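Student: Listed below, chain by chain, are the residues.
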Amino acid sequence: MKSRENILNKLRRQIVDQVALPEVLDGPWIQYDDPKSQFRTMVEFVGGSVTEVASPTEMLDHLGNFDEWRAAKRIFSSIPEVPGNVDLAAVEDAHDLENLDFVAYRAQFAVAENGAVYLSDSDLRHRVIFFITQFLVLLVDQRDLVHNMHQAYRQAVIPQPGFGLFLSGPSKTADIEQSLVIGAHGCRELQVFLLNNPS
Amino acid sequence: MASTSAADHANLADQFVANGERAHWHDGALWFVRQKRDRMARSLPEWEELRQRASQIKAHTMSHLPAYLEQFEANANRLGVSVHWAENAQQHNEIVYSILKRHGVQRVVKSKSMLTEECHLNPYLEQQGLQVVDTDLGEWIVQLRNEPPSHIVLPAIHIKKEEVGETFHQHIGTPKGNAEPTFLTHSARHALRQRFLGAEAGITGVNFAIAETGGFVVCTNEGNADLGASLPPVHIACMGLEKLIPRLEDLSVFTRLLARSATGQPITTYTSHFHGPRPGAELHIVIVDNGRSELRANATYRESLQCIRCGACMNTCPVYRRSGGHSYSNTVPGPIGSVLAPAMDAKAHHSLPYACTLCGSCTDVCPVKIPLHHQLLAWRGELAERKLIPFTKRLGMKVGRVVLGNTRLYVWSGWLARKGLRLLPRWLTHNRLNVWARSRDLPQPPKRSFREEYRARKREQGRSQDENLSENH
Chain A
1 MKSRENILNK
11 LRRQIVDQVA
21 LPEVLDGPWI
31 QYDDPKSQFR
41 TMVEFVGGSV
51 TEVASPTEML
61 DHLGNFDEWR
71 AAKRIFSSIP
81 EVPGNVDLAA
91 VEDAHDLENL
101 DFVAYRAQFA
111 VAENGAVYLS
121 DSDLRHRVIF
131 FITQFLVLLV
141 DQRDLVHNMH
151 QAYRQAVIPQ
161 PGFGLFLSGP
171 SKTADIEQSL
181 VIGAHGCREL
191 QVFLLNNPS
Chain B
1001 MASTSAADHA
1011 NLADQFVANG
1021 ERAHWHDGAL
1031 WFVRQKRDRM
1041 ARSLPEWEEL
1051 RQRASQIKAH
1061 TMSHLPAYLE
1071 QFEANANRLG
1081 VSVHWAENAQ
1091 QHNEIVYSIL
1101 KRHGVQRVVK
1111 SKSMLTEECH
1121 LNPYLEQQGL
1131 QVVDTDLGEW
1141 IVQLRNEPPS
1151 HIVLPAIHIK
1161 KEEVGETFHQ
1171 HIGTPKGNAE
1181 PTFLTHSARH
1191 ALRQRFLGAE
1201 AGITGVNFAI
1211 AETGGFVVCT
1221 NEGNADLGAS
1231 LPPVHIACMG
1241 LEKLIPRLED
1251 LSVFTRLLAR
1261 SATGQPITTY
1271 TSHFHGPRPG
1281 AELHIVIVDN
1291 GRSELRANAT
1301 YRESLQCIRC
1311 GACMNTCPVY
1321 RRSGGHSYSN
1331 TVPGPIGSVL
1341 APAMDAKAHH
1351 SLPYACTLCG
1361 SCTDVCPVKI
1371 PLHHQLLAWR
1381 GELAERKLIP
1391 FTKRLGMKVG
1401 RVVLGNTRLY
1411 VWSGWLARKG
1421 LRLLPRWLTH
1431 NRLNVWARSR
1441 DLPQPPKRSF
1451 REEYRARKRE
1461 QGRSQDENLS
1471 ENH
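So the sequence lines, in the order shown, correspond to chains A and B.
Residue 4 in this note's numbering sits at position 4 of the first sequence, and the numbers go up by one each step.
Residue 1074 in this note's numbering sits at position 74 of the second sequence, and the numbers go up by one each step.
Excised from the complex, chain A in its bound form (with noise of 0.2 Å):
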């Protein structure tokens, strides 16, 4: 507690002379024509991809073509449509979803300017799955796309406590040669499912 006294006090002892705090959220910040593009774009640049469904049936019927998806043994979904065989609240230990092979997951909402998924453990008992997984599957209504991270922060709601994370494509490291690889420690494919939902 000495320590902690002694920076304060000496930091309270300068005079450094006072800026004011600007906004933030307001701003000529960008827009976009059509975010929906704009965000698969950002997507696929970041090395993920983007499909269009009507439906989550549809994003199963998706995920069905997918070879890794049928030989999956382990699969964590929070889609009442998509079918997983883990039951998270079941996991004591974290360490025992180490076999992971997919998370499913429905994500609050994206942001168009850099491809991110907002995700938070709000409702999950083990948040390392978003990164502990082989895949990772996310679906997102695209009214709940957001043009800029200004917009995203006005919506963000991080459970307090708890976890909140922009994810923005699949894991990936360009640390040998500058190289980019996809797959580092994280998710090695994210595929992002936007929901295209007349009603």
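Bear in mind the hints are in silico, worked out from the structure with no lab data behind them.
Just so it is clear, the structure is predicted and the values come from calculations on it, not from any experiment.
Mixed in with the good hints, there may be bad ones.
Straight line, CA to CA, 16 Å or less: simulated EDC-like cross-link-like pairs of lysine to aspartate or glutamate [claimed, not checked]:
id : chain 1 : residue 1 : chain 2 : residue 2
1  : A       : Lys10     : B       : Glu1294
2  : B       : Lys1160   : A       : Glu177
3  : A       : Lys2      : B       : Glu1126
A partial selection of chain A residues facing chain B, derived with a Cβ cut-off under 10 Å [what the hints assert, rightly or not]:
id : residue
4  : Gly47
5  : Asn148
6  : Ala156
7  : Gln160
Glycine is no exception: its CB is placed at the ideal position from the N, C-alpha and C atoms.
Chain A is already provided as a structure; the job is to place chain B on it using the hints.
Tutor: Here is chain B on its own, set in the frame of chain A:
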């Protein structure tokens, strides 16, 4: 902190450029990143507005720092976080070790944190018998090779893939001679997965700490910080006290600037907001001063605390690109490192503010508008005043001041140089004593000085004008 004598930048750079091919390759690799950054910056019409607001948010936070630190601590406590305070590197290391010891931790996974590099946490923990694994791929490569990182965002930018292949062959048994980046990365993924699963604690850095919520944000592309913080029962996050921002919404500015400036990505793959521990786990935050408060007191260098560690100033710096990160002998190299290092130890790092051409490119790309080249110039003045630069350099400056301050002396010296350089033998101008001429040729001296040239032209113009006038009449 006791003064250690870091090697002179110019001497270390000399070793780096001795391998010309490699130096060019390094230069090109960083310029590639700089170009990606430019494309991203240009994709946003509001780029300059973002920089302005980011700079203002940071300046505001610095001006109210003690209040925001207390607010952050109170909110973090409310979320169930233990907050610790360290005045210096040693206290930081002791705090981290005491937490690990209490839990009987033997194996630690770490994500990239320049602060823990600055504090030399790894060797400290290893001395206590702990096993520490850096999990960022670049950091792991340099850790296995027993080197410090040479760049704050791209720690292994100076290493060739063949060398990574050899390192992995020795340490994780990949086939000898295989230098394919995808294969090597996936081999590392496999090996490090086991380290993640076996770790009893995870240490991460902090990109932004939010005063109003008590939460903090960590940005990575690999997902290593998240795995390391979401599996083991203990998470320790280490942050310099300048990482604070007032509001959650301020992240809307910083998340747009950070990755675009750093690597030319629209945002990092993972932008993780940690608010309190996971159920059944512990979360500790260590707030570190280690010289930062002294910078805050100094109006000349205060803005250097606004740095968000994107590395854009390094990627653009013509000196950094050609001399390599290790030539700076400091955890943070490049322009921002050359401002921060002398603040920690002016004697040891006196050569860094001179590792600069004052071109100003760093200032132009800095996302939080730190006037880097002005600060580097200010350091030069201060170092000279404190007699911390070599005598020869000081003498040269003194002579320069006298000559440039006296018109007649200046004119006479110019004459002397124009005549002298033509007559003097090469061995007299190019010898060991004249460091400047070591890799440079002196220019061919002109016949006339600028003044003489100017006067002669004036005379000629006057004559032709007279002729024109007489023709018209």
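Student: Hints first: check each against the structure and report whether it holds.
Tutor: Taking the hints in turn, this is what the structure says about them:
no. : hint                 : in the structure
1   : A:Lys10 / B:Glu1294  : 9 Å, holds
2   : B:Lys1160 / A:Glu177 : 6 Å, holds
3   : A:Lys2 / B:Glu1126   : 27 Å, violated
4   : Gly47                : 9 Å, holds
5   : Asn148               : 8 Å, holds
6   : Ala156               : 8 Å, holds
7   : Gln160               : 5 Å, holds
In terms of the numbered hints stated before, the structure departs from hint 3 and from no other.
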